[in-house]
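Engineer: Hints in hand, dock the two standalone chains.
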Amino acid sequence: MAHNNTFDIQPPPDYWKKDFLSETMMAVPIKNSSDVVEIYLDNLPHKNDLVEVIQNEEPPIKIANVLALHCHARGNEDIFIDILSEAYKQIQRYPNNETPDRPDAAFCMDLMANYYTIELTKDKYSEKEKKEMFTKAMRLYSNVDQLMVTSLYHLIGRAYFCLLDPEKLDQAATQFDYVLKSFPNDYLALQGRGLMAFQKADYKKALVCFKNILRAHPDCSPEIRMAIGHCLFKLGRHERARLAYERALQLDSICTGAMVGLALIFLNENTDASVQTAMQHIVRVYKIDQMQPINLNLLAEHFFYRRETNKALPLAMMAIQKSKSEHLKAESVYIAGKCHHYDGNYDQAFQFYYQATQFAKPSFVLPHYGLGQMYLQRNDIANAMLSFEKVLAVSPNNVETLKILGILYLQTGTKEKKNQAKNYLKRVCEARPDDIDAHIKFAELQETLDPEGALNTYRRVIEIYRERDTLNDVIPPELLNNVSVLDFQLGKIEESRKYLDWAIARAEAEQEKLSAENEHHYKWIQTTMLYNKGRLAEAEKDHDEAQRCYKGIVVDHPNYVDCYLRVGCLSRDRGNILEASDWFKEAGSVSPDHPDSHLLLGNLHMSKGEYGPAQKKYEKVLSNQKSKNDTYALLSLANIWLETLYTPIDPEKKKRHSERAFQLYKQVLKIDPSNVYAVNGMGAVLAHTRQLEEAKEMFSVVRESTADILDLWINIGNLYCDQRQFIAGIKMYENALKRFPTAALDPQVFLYLARAQCLNGDLSAARKTLQQARVLAPQNQQLRFNLGLVLHKMAVNTLKDFRSSKEVKGAKEDLQTAQAIFDFLSTEGDKAVVDMHRAAKLAKLCNDYLTQAQNAEVRATQVDEEDRLLKEKIEQARLEYQQRQAEEQQMLMEEKMRQQEELRRKREEVLAKTAEVKERIMKQETEPEVKVKSRAKKRAAMEDELFIDDEGNYTTEAVGPDGQPRAKRLRADGGSRRGEKKRARRERRERERESGMIYSSGGEEDGEAGAAETTRAPREPEYDRKGRKYKTKAIISDTESSSSSDDEDGSGKSPDKDGDKSDNEGQRSRKPARKGLISSDEEDDKAEKKDKSEDEEGEDQKQLPKKTKALRSDDEEDMEVDDDQKMKKKEGDEDDEEEATAGRRPKLSINDSDDE
Amino acid sequence: MTHSVISTTKNAHEDEIWACKWATTGANSSDVIVTGSLDSAIKLWRLDPETGQPVETKTLVGHRMGILRLDISAEHDMIASSGMEGSIHFWDLQTGAPRTEAIQGGKIECWGLAFRPHSTLIGTSAQQGKIRLFDINTRNEVEAFDTRGKFITSVHFSANGKFLAAGSTEGTLYIFDLQANRLLHAIEAHGKPIRAVLFSPNSAMLASASEDGTIRLYEPTEGLPITRITGHTSWITSLDFSPDSARVASCSTDATVRVWKTDKEKLAVFNEAHDKIVWDVAFSPEGNKLISVAADNNMVLYRTPKEYS
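Here the protein sequences come in this chain order: A and B. Letter 842 of the first sequence, counting from 1, is numbered 841 in numbering that gives the first Met the number 0, and no numbers are missing. Letter 168 of the second sequence, counting from 1, is numbered 167 in numbering that gives the first Met the number 0, and no numbers are missing.
Next up, chain B with everything else stripped away, as it sits in the complex (with noise of 0.2 Å):
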């Protein structure tokens, strides 16, 4: 087994397509695929059992402007989704139908989104250098955390509850106590706005994905480096764990995604898969798949088998 593209799905989007995530649904446990566009529609995708190609199922319209971040719940049954006016949308994960109402971020936009595990909270970040979390139900701003940095592009709480961390233009990776409720480190990661900050599924490694071209991740408890993985010759622009944290995807503005090792050995390089800028890619929940998504827009559907060798 090895790495290759298994399938290719042209014109995914009428534009760019900006966000993706995969999960599967509580329920039945099928897999879901969702895309989010500069054409402002969420699209939700399954893998055909026959073809194993993503077949559309259902199309999302609420926002206004592009789909900025897509997020999906720790239990398994919602999406919320930020678009560039500045609201955050709630969908249901299997059917696809609104849930509640949209958060309006007011003056601030919502570029950075994330469900807090194990709460009813959603944080989310823009300018102002502040994290702010809202609660679903009620829409009420309930809580912030306040950075030095100018805009928080990327935010992700760490799936044990523990950590927030958040990424700013100025390359700055901020890691928050969420038990203590403080500032736990401020790291002066890059040299370039961090696009990216993701947990590993096991909450032991905190990745940062910047325009300086490289991804570095750290121990987020003591906020030591780990390792720093570099080959894109481009920015970073966003990067997804497997499931057993053991790898990473990342996807550039090189045009390509590649798969690591997360002790930054590579393991795969897709050159030819897009034409243009790939915004986002994600991990099968099995891991031996990978999606991504493009400014071509279109959507590549990668083998990554699991025993690599």
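Pulled out of the complex, with its shape left as it was, chain A reads as follows (with noise of 0.2 Å):
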């Protein structure tokens, strides 16, 4: 502030007198002489003169003070210290300053302490120089400090000499405050005190102090007004400091702070008219004081927002020198670097944000946004991010500086930054709903993670640019192709092609306005757009549009090689291997080093089982040092490895093939460690190997971080039934199929589903499984064969246990059905598929069967007669006890309506009787009977009664127990018929037992329920019985199953059970090795045992790998989608950016969108 640390000396007030100022002549006495000099005041001698008199004469260093003092009121300040300086020399002759005249010597001292106190506020003085007065000063307090601390004066200097210090502040309060308690209203030390507290913004202090010096010194000097008024500007109170700065104006017309202060006032208020009121104060300030360096900016910055840099600049540079203190050297500065910023000076402007920034009070932050801009010109965009966070840190809702640095973190692709980005961005727009540039760099960012809200943004972009164009479409083609983009991955597949179709509109209109140079923006934004068109039409299975989409590219684009691998594609997907295999071949030559030409090569081979081809092509990849840590090839090569696993080779080899694939899955983790099928892959190889529990482990692992992958659902399903926890395990399918629109689609999936079903013991579940399987793939023989097995194993229970000839009858019909399908798998089967063998034998069994049914259907219809019989009894009996439970409600009834029909009687009487007592009262005392009428009156009016009862004189017989016995009696009326309902409860159901037949011991059941149950009822045990016997028949068949082979039971269980394993368990399980068990004799018990399980294995852990493999080949199509659309997007951005120029870059990145 202005008036920091200025303050007029005046002499302690003895030496004042009334005509001080007016007194014209003094007079120093000559030394040992009575004669005098005598000094004219109005007519000053020169310097050396006094300072000589003062040398020479050495008067008292009282003389030596007035005089100083006079000169100084004369303004000759320069004299005043000499000759000061002279008297101090004096007084240092005295040993410890111990003059005779001690208060004047410290008062001299003091006074010269001041004296450079206030010159160290000036800027005059080189460093040097002021540190040798700061010097000064400090030795001559702590001389007074020894002579008169107590001194008034001495405290008030020493003070304002601390506030000088920062950390001297507290020291300087604290004198202030000692000398205001001793003397509340003096001037200086409230002056002191109120500027103190203003440094530490403590305005309402502040405030307070100069107000006191205002009450207690009415006349005091206009800048305590000015003081007040900034105590108020900075509280808020403009008005009322509008007025203090205008009563300091009227005061000194020319006190420059005030002026300065309404300035800021009127700019504040920040109307027209204001601000140019302000500017004529600051105008008049400036004519006052060109150097008021508040003045200057306030000047220079109006020179600047009217674009006038060269005004703004030299008036900024002046306020640089002026400045005291730094914080506005720091404003001052920084204008000067807008003003080199605006000029296009970077690098000046640059020095001067830094230096601003090295000057700025913490809460200054606009340097730092400056010199951010710059970094970001630089292009540092490390250090500009820190700039624009301390931006930040002081104002977290500056809409911009939350854009920009959103953009930038956008721009380090971390995770973490991203994710503040998005918070950022998505700050901006909620705070500017019409920010475009910031809407697409918001929807950008949600792209990967939230493409809804990003179609949304994109969405309000849209409507954005209609509001602000209403008349034309005024639309970027490229918004409306990634719109398109977005709804294509949210499979809106209809909206995706409106928005295609849009945009490809769009950039048609938009070619035929613009240069040639943008002809060429557009060209590619064309080749893309028709790229995506395919992509839409292979969507929506339009392959020949879609192929001439990519066929169309081609033509202009030869090294659009994504166009080759999406025919290839195609071609693939048609079936049609070897056009596939050429397409893929010729993007290959187009781009050598693109791996995915080999790696759909690969795919392609291992579509076909050529594990060796495949494996080349994969390794072709790797080999690449451009492609050598595609984790893609890696997968797919453990893949191979994976899957050899499951075809017969030696222990051996197995081994070293599981280890291996396990090593190249651990590899894929190295180069990117949040690749889930590296997990899911290692979790097979452990399976396989069975390590169960870590196979276990590796996929909950996956499972934490994605339930996406129907391989791992599939996995951990057959994890389930390796450990025969079958529920589990077909729980597991059950969800998959649920959430996996491709799962419902896999008959494999179902297989498994219904071999645990199976192994679980629920047949027919597994049969509608299979039903399920078998529509949507209606040729698969596999399928039908499980099929047959699952009809075949369910018909032999049936016979083997059955309640009715309808239940045979049933049984055979599906024994039929079974052995139509092994009739037909065993002359026609495809071998790669079903065990012919097998399907001859099981035929042959059905057949056996059926014989078998026919003695079943003949104990079946004995079953019937007597199931009939039965039922028979049962309905006589029921009908027996309905009849017994109807007369007996009849009675229950009659015996009711007696009682009701006695208890109405009764009622009665007691009514009559009543009524008849109450009209004999009402005759004889009609006075009290008229107040019965509120409640309290009634029972005052039965008291009445009572007492009219006891009293005898009108009672009756009959009125006496009609009182409030009467109640009692109904109640134990009441009871009573309880009781006997209970009783006839009770007897119903005694009667019940007797009789054999249990109720549930609901009310009047209806006979049919009742009849129901009881046929029910006998059965239930037979469930039971058979649910158990069923099981330990499974165990059973499990460990018979070799020596049962001639066993009615045990064949048909244990073929059975091996049959729906090894045919479940895949199409390849067709191994000589089966064959020969299932044949096999005892001897071969336990090693079929262990084949068994192996098998088992071989199926789950085929299924497993393949799962792990299906990832790759099976999805492939949608990853590969993916994959291409992220390669062509990138590979636009790419061709874009090299030719775009940096000022077309906003638009640009609506169409990077893809690219994360």
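In case anyone wonders, no lab produced these hints; they're calculated from the structure. One thing to keep in mind: the hints can contain errors.
In silico DSS-like links for lysine-lysine, alpha-carbon gap of 27 Å or less [stated by the list, open to error]:
1. A:K607 / B:K191
2. A:K389 / A:K233
3. A:K416 / A:K491
4. A:K830 / B:K106
5. B:K275 / A:K497
The calculated label-pair distances, taken between Cβ atoms and stated as ranges, are [to be verified]:
6. A:M892 / B:T99: 50 to 58 Å
7. B:A96 / A:E578: 51 to 59 Å
8. A:T741 / B:K265: 22 to 30 Å
9. A:S699 / B:T23: 56 to 64 Å
10. A:I380 / B:K260: 28 to 36 Å
Take a look, some chain B residues computed to stay more than 12 Å from chain A by CB distance [as the list claims (entries may be wrong)]:
11. T24
12. S202
13. I276
14. P284
15. N287
16. N297
Note that the structure is a prediction, hence the values are computed from the model and not measured. Quick reminder that beta carbons are idealized off the backbone N, C-alpha and C, glycines included.
Structural biologist: Structure (structure tokens):
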């Protein structure tokens, strides 16, 4: 502030006479004489003469002091200090400065020290001089401390001195407060205290101090009013501040501080008129004091905003020179920086901004913002971010900064920063719903994580464009294209097409308008859109159209590898492997380094089971320096090794292969620690090597990070089944089917489910599941075989334990169906898929059972007959019971009615009697009766009645029991009736028991339900038995399988089991070993079991790897789709960036969208 | 009038519904909807005149396994149904009573199923690429057409009695000339299995729906393509022509039902009607309504106005 540390020196009171200032002459006694030297104050002799007088005559210190003060009062400050210095020399001659006139000496030194203090606040000295003065003042004050520490003047002066040192502010405050305790109205102390408070931003305290001055010294300097104005201004009370400033100006028309204050107030009002007024003030101040730094800043700022940097810059530079406070200087430097920035002198601007950040107080963050911009200009993103972060730390809601930082974070690409960026940009979008740029950036961020959100944001951008130009369609085609892509990703094909068509139309329109330079840009966009159009056509299964699109692109852009790949994929999907392979090769020749062509070729080989060539393709990718870390290739390779584990190879090899697969998965994880497919693969390997728990752990790791991988679910399901936790396994498969639309089309998943259901003993569920699978793949013989097995097994179970001839008939039919199935498969089956010998055997078995079924039918008819008889019996019993019950009911009813009748009669009697009594009372004592109205009175009346009763005056025999006792009796009545009811029920139950039937304790249950129950009841235990039997049998069959081939039951079961497993387990299960297994004799028992378990594993594992592979091969389509899209986009971008100028970048960014 | 869903019959069957047909009964010309499900039951429905919603009138029990296909005789008197167990049952369209004995397919299943107009024959197909014609009354196989395919999923006779069409899992479409009793065309129409083949009621067009997600329309005599309908994002499971042969309805594993003009112009997409695989669709005899049945056990009734604009 301008009035920082300024105050006028005033002599101590005893020096002052009223006419001190009007004195014209002063006499200095001559040493050792009674003469004096007369000094005419209005016409001062030369400085040297005066100093000489003091030097030679050595007058009392007081004389020197007064003379010095006179000089000072007349503006001769240099004489003042010289005289005092001379006097000080004399003082110093005394030891410890102990002069005879001690107060005068102290005062002399205080005056000197104060002089230095004041001078220190001025700018005209060099640092060295300042330091000198500071030391002098310090020494002088400490001298006085020893002489007269309690002197008021000394204390105040010293306190002011302390104000100079920021570290001693508190000391100063203590001293001022100390003084103010004794002299609460001391001008200087109050002023000092006020200044101090102001400096410490305690504007309230400062205001109190200054106001106290004004109260105690109404004639104080106008600067006090100005200070009050400053305080009020800082406190935000601008109107009061304005009054204070204006008053100050009235008193002192050139009080620049007040003028600047006023200017600030007007500027803050920020209306045209007020700014103009402010400018008037600023100009006036400038006229008065061209060096006023705040004013200079204001003026510079003003010119800057008028874009007159040529005027603003010199003013700012001047302000820099004149500023005493660093904060002020920071402001000036910042303005200078802005001017350079505006003028395009970025280096200069950078330096000024940087300097400003050094001077500025922490809350003044604008220089950081400027500096950040300069860093950006220098492409120093890291430092730019630092700068902007500083800005944001102080003003966390600054939209500009949020936006810039958001965009910068976006570019860094780390996940954490991106999240933050998302957060920032979201806030920007909320704060500025019309900011296209921010919205686009925000949408880009959302794309990967929240495509729906991104879509909404893009839609908002489209809206903004429409709002801005309601007449023309100015929406950039890139934007529309991105919306289309997002819709595509979300599966909204129709929407996607709509936007893509729009985008294409827009691009065409735009292309016509634009210059040659832009034409290229739009050509590129059109290519991209044509590609997207192809993708869309593919999604809508319009492969011809898709092919047309891709081939169209290749004509213009023969290097557009993705097109070749897509066309290849189209051929592949149509089953045209050769053509597909040609296209992939073509892609490979166009861009040999592009891994995808080799990968797709590898996958083609894999799909045909050609592991060797596939391996070569993958390895080719990995041998290329550019793609040696391609995780897809690594994974594929690992999957091949895994796959081999399911082929019959010797254990040594198996071990080696599993290790190799494991290593490869590990390698993938090293490159991409978040690759869940690798973990999944590791799990599969572990499961294969029977490390089930470890495998489980692996899978759970994957599951934690994502649940979106079908194979994972299947693998976990398989694992559960391996551990014989079939129910859990079934749950896994079922959930997978629910969750993944692709799974619902994959018969293999159904097959796993059916197998688990079978193993779990739920054959009818398996039967259903297999039917579902068959509808998906009618021609699949494996499914048909398994269905036959299930039918066969179910029929056999039924024949063993049936309840009716209907069941037997059904079983027979099922057996016939099964037989037909096996018949067919044994002759026409595909050897690669089903075991035809087994089919033949099973067909024969079915036939055998069909013969047996005839016996069963006979028995079944007997059962039916028995059943019928039993039913009749039961029916009879039921009828009897019903009859009995009806009778009982009848009796009860009659009884009830009788009772009720009686009751009613009694009640009527009573009523009649009461009425009688009342009547009588009414007749005799009408008056008290009248009161019977409110309830309270009623009781009184009752009492009256009772009373009357007691008196016996009017009683009749009947009335007596009619009062309260009546109620009691009623209750007793009810009680007895209830008792009856209870009894009735109990009786019935007893009767029921007798008749041997158990009814539920419901009330009057209808006969039908009861009957149903009875028929069901005896059966229930059977169910149980059956269930149990069933299970044990299953176990038996497992163990007995080999030995029981001739035994009816055993043979029926065991091959079933085998068959189930083997078949379910996959096509590849047709191994000679299996055949041996089935027909093997008892000796093989153990081996067999082992075999079986291995087979099982084999199956599972086969599935496991298949799954992992499927990830890539089956789902490849999808995956590829994504990849391709990404790739395509990326490429596009790169092209674009090359061709685009920096200025066009934001638009491009719309298109980058898919990069992430 | 716009295309819209009229009503959804939840749990129309206890399990996935695989087939549906909609026919007028000859007698009182009231409509009957027939549905067949994995639960092995066939159900008859009629539209309640007041609510306009399907009401179940009868459940036909006889199959041991899921109902694969349904067909209605040209005389509107008989329903034929084929089950996964490999038999074909016949039912009275009006009463739902079983008619004659079932035909047992034997080793070969009955996936394709179609009455041959103007005859007592019914055609069926599955493994071995053979189309077998059985006499309904004697239940004897009287005729067979051979294709080179491994598995024929669907067969259909043209209403004019001239053609027999069959679709194979290899994606090949076969057209036989019934008058000359010979294979007329074998068209490699699709890259994936054909799910359904169907002649338009006017016999002028033959449509094939495939797992490749497309429907192709051919002129049967020359075997030339007329148009190709695309838009479904997954397999097309079945299709039906409107009685006036001007429109096609299709259903898909993408859980949508779509209606097209036969010149491939899209009329309607029903995205929300089902949430699982839609297995079959059928136009009402007037062509102004449509039903679809799906793996979600539901049956949905739609309004499909003729006066599309």
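Engineer: Taking the hints in turn, state whether each one holds.
Structural biologist: Here's how the hints hold up against the structure:
| no. | hint | result |
| --- | --- | --- |
| 1 | A:K607 / B:K191 | 17 Å, holds |
| 2 | A:K389 / A:K233 | 24 Å, holds |
| 3 | A:K416 / A:K491 | 30 Å, violated |
| 4 | A:K830 / B:K106 | 17 Å, holds |
| 5 | B:K275 / A:K497 | 26 Å, holds |
| 6 | A:M892 / B:T99: 50 to 58 Å | 57 Å, holds |
| 7 | B:A96 / A:E578: 51 to 59 Å | 55 Å, holds |
| 8 | A:T741 / B:K265: 22 to 30 Å | 25 Å, holds |
| 9 | A:S699 / B:T23: 56 to 64 Å | 59 Å, holds |
| 10 | A:I380 / B:K260: 28 to 36 Å | 57 Å, violated |
| 11 | T24 | 29 Å, holds |
| 12 | S202 | 27 Å, holds |
| 13 | I276 | 7 Å, violated |
| 14 | P284 | 27 Å, holds |
| 15 | N287 | 24 Å, holds |
| 16 | N297 | 16 Å, holds |
This entry does not satisfy hints 3, 10 and 13, going by the numbered hints stated previously.
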